[in-house]
Amino acid sequence: MTAPSDEIKQLRPELWETINERYPGSMITKTDFVPLARLSKLLSQTRLTFVSSAGIQPRGSMPFDVVHPVGDFSFRRVPSALSVSDLEIHQIKYPTTGALRDLNVIFPIERLQELAAEGLIGELTPNFFSFIGYQMDPEHFEQTLAEDIADAVVSDGAEAALLCPA
Amino acid sequence: MSLQYLKEAVANNENEKLIRYVRLHLGDGNEAAGRKEIDKAWVEALKLLLDVPPTDREFILGTLNNQTPATLAHLYFHLHFYFVQRSGVWIHDGTL
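Protein chains in written order, with my numbering: chain C, 70 to 235; chain Y, 818 to 913.
Here chain C stands alone, though its shape is the one from the complex (with noise of 0.2 Å):
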C-alpha cells in the first residue's frame, strides 16, 4: 500500500491543455489548494457522503438545467437509502450509455449501501448529493453551489466524503 502524500498535483494537465485550446480560458489551474484532511478513524466507524457531478437525480424531482449557456449552480440531495430504479439522469455533456445500463458506474448508491451493510463503512449520511458539472463561471461555482454543497454534507453529519466528477 502506498504512503499517503500531502504532495497536491495537477490531475492530468494535458487534458486541461487540450480543452483550454477549445475553449479558452474555461479550464482553471488552482494554486491555493486546500489540504484534504486525514481520516482520524477507521472507516468502519465513520459516516460517508457521496458527491457526484454527474447530474443524478431523484425521479420527479426538478431536472437540472442543462441547456443554460453558463450552467446551473443548484444541487440535489439523494436519499442513500434509494436504489438506481428510483434516479434518473439529467445531463448531455457526458457518454450516459453506460450509465444508463446501470446507474451504479457512475453514481455507485447500491455499491456503497452494500459496503455499509457489510460494516467496510461505518454508516451512510441520510443524502448524497449531485450536481451537474457543465459550469462556465468556476468563481461563482465555488462561492454559491460548492459552499451550498460543503453545508448540507456538514449538515448530514458527515465525517468523509467521496467526490466523483462524470
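Be aware that one or more of the hints could be misleading.
[To be verified] BS3-like, lysine-lysine: derived pairs with alpha carbons at most 30 Å apart:
id	chain 1	residue 1	chain 2	residue 2
1	Y	K853	C	K162
2	Y	K853	Y	K864
3	Y	K864	C	K162
4	Y	K864	C	K110
5	Y	K857	Y	K824
6	Y	K824	Y	K864
7	Y	K834	Y	K824
8	Y	K834	C	K110
9	Y	K853	Y	K834
10	Y	K834	Y	K857
11	Y	K834	C	K162
Don't read these hints as lab results, they were simulated from the structure. All figures in this text were calculated on a predicted structure; none of them were measured in a lab.
With chain C's structure known, arrange chain Y on it following the hints.
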C-alpha cells in the same frame, strides 16, 4: 471560453466570439456541429408551421409581454433543444 472572456466580448462588441461560443455550446465542443444543430432546430420549427395549424398566439404574445428578457432568453435555449430532440436526430451524449 471563460465567462470573463464572453463578457469582454460583449463589452467589445465582438459578436463572432459570442457566436462561436453558442455554436460550441450547442455542438458539444464542435463548432460545425453546433451550426448544424441551430439549422436543425429552425427547420424543425418551420416544418411544424407549413400546414398552418392553429396556434396559441395569446399565449405567445402574453409570454413575450409578461416575461423578463432573461426568462425569454432561457426559454430560447430550451426551445432549441426541444426542437432538436423533436427532430429525432440527437447528437448529444446524455439526456435533457
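Checked hints:
1. Y:K853 - C:K162: Distance ~18 Å between K853 of chain Y and K162 of chain C Cα, so the pair holds.
2. Y:K853 - Y:K864: holds (16 Å)
3. Y:K864 - C:K162: holds (28 Å)
4. Y:K864 - C:K110: Cα-Cα ~64 Å, so violated.
5. Y:K857 - Y:K824: Given pair K857 of chain Y, K824 of chain Y holds - Cα atoms ~28 Å apart, limit 30 Å.
6. Y:K824 - Y:K864: violated (35 Å)
7. Y:K834 - Y:K824: Roughly 10 Å between the alpha carbons, so the hint for K834 of chain Y and K824 of chain Y holds.
8. Y:K834 - C:K110: violated (52 Å)
9. Y:K853 - Y:K834: Satisfied, since the Cα-Cα distance of roughly 18 Å is no more than 30 Å.
10. Y:K834 - Y:K857: It holds: about 22 Å lies between the C-alpha atoms, which stays within 30 Å.
11. Y:K834 - C:K162: holds (21 Å)
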